[in-house]
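Top to bottom, those sequences are chains R and P. Take any residue in the first sequence, note its place counting from 1, add 14, and you have its number in this note's numbering. Take any residue in the second sequence, note its place counting from 1, add 14, and you have its number in this note's numbering.
Keep in mind that the hints were calculated from the coordinates and are not lab data. Computed from a predicted structure; not experimentally measured. Keep in mind that the hints are not guaranteed to be accurate.
A pair counts as met if it fits within one copy or between any two copies, since identical chains are not told apart.
Unchecked claim - Below 25 Å or equal to it, Euclidean Cα-Cα: the simulated SDA-like pairs (lysine to any residue) are:
hint : residue 1 : residue 2
1    : Lys166    : Met72
2    : Lys60     : Gly74
3    : Lys123    : Glu144
There are 2 protein chains.
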Amino acid sequence: MAEPIDFYFDFSSPYGYLASTQIDALAARHGRTVAWHPFLLGAAFKLTGQRALTEQPMRGPYALRDFDRSARLLGVPFHLPHAFPFFALAASRVFYWLEDPSRGQALAKAVYHAAFGEGRDVTPVAAVAELARPLGMEGIEHAVELPETKAKLRDATDRAIARGVFGSPFFIVDGEPFWGHDRLGQVERWLATGGW
Amino acid sequence: MAEPIDFYFDFSSPYGYLASTQIDALAARHGRTVAWHPFLLGAAFKLTGQRALTEQPMRGPYALRDFDRSARLLGVPFHLPHAFPFFALAASRVFYWLEDPSRGQALAKAVYHAAFGEGRDVTPVAAVAELARPLGMEGIEHAVELPETKAKLRDATDRAIARGVFGSPFFIVDGEPFWGHDRLGQVERWLATGGW
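With the sequences and hints as input, model every part of the structure.
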């Protein structure tokens with residue numbers, strides 16, 4: 015059985031959202047599954063000295079245009095939330111509290127769709143709880159404050175950084191790292207050919 | 015007659031080199047020509063707060079791997095010069111001193127190939143002069159020091175920044191900006207469809 019593709023992302027990342035709409039189908043075309051790994055991109059930014067693209071002179075206006083253009087090309091809805099950039103702490107914690115990968119993916123897709131498909135504010139715990147409820151997930155408000163929940167997200171973020179992950183989305187395919195939704199073409203080629 | 019594609023690049027940019035090996039043929043497939051515009055990326059970095067990717071923690075090691083992997087995928091030679099990043103002042107000045115676009119392109123291709131196809135140091139004026147000589151270009155050593163040559167490069171850099179150019183390579187197609195050699199797929203689609 016081939017290893018899953020590791021998909022690292024931050025819930026506040028527009029390009030992470032775009033990749034999230036593509037990666038499962040891409041992997042399936044090559045008989046692979048995807049291990050989803052949300053992490054706190056801000057922790058990596060502390061090491062790289064980066065900040066959100068939209069907050070950077072010149073790069074910000076371009077990024078807004080590119081988010082929208084890239085989403086149109088993929089045929090997926092895109093609306094930047096009014097409050098952006100945002101800090102997706104609650105959703106990230108809940109993902110790891112769920113422990114079950116398929117439930118985690120279901121929540122992640124709901125959160126990403128709400129945030130960037132519909133432009134909703136997913137930062138409040140109540141917003142995440144509202145998205146989790148139709149998926150049969152209860153007790154979110156309590157879970158996000160548990161020390162063990164917090165520790166799980168910290169550990170996941172540390173592990174991502176230890177593997178060299180510094181951006182969102184970031185993929186690792188059989189040990190090969192790919193950064194950016196614009197590397198999905200290379201990821202697909204890598205899977206098809208075993209590398210070049 | 016359709017407008018040329020504007021291709022902005024810095025001679026010290028590996029991704030600019032990769033794009034330079036593709037853009038003319040890409041444009042020709044859609045009946046377009048390319049206007050080549052070297053500029054000093056460092057002037058844009060002063061505004062955006064960026065610096066060379068290879069000098070950044072975490073992003074540097076990834077960039078080295080990605081340069082090489084992307085070049086292999088395109089089937090073009092790639093060798094990073096020993097002294098990198100470098101400041102391509104002489105080549106950039108000579109380009110604008112030549113004034114003739116087709117001579118400028120010939121020089122640009124020779125410089126890029128020497129720098130990243132062969133990993134040679136193209137920073138000394140003598141190195142640029144050596145590359146220019148087989149193209150029938152003489153007097154480089156004198157030309158780079160002329161005040162009007164210096165002014166032409168400054169003006170070109172100012173114009174690029176005024177158009178929102180902050181990275182290398184950067185393309186403008188019928189008013190639409192595209193940043194990165196990894197946007198060449200979008201550039202080609204834009205040319206084929208007139209935009210989406």
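Okay, the hints, checked on the actual structure:
no. : hint            : verdict
1   : Lys166 x Met72  : between (37 Å within a copy, 23 Å between copies)
2   : Lys60 x Gly74   : both (19 Å within a copy, 15 Å between copies)
3   : Lys123 x Glu144 : within (14 Å within a copy, 57 Å between copies)
The structure agrees with every numbered hint stated previously.
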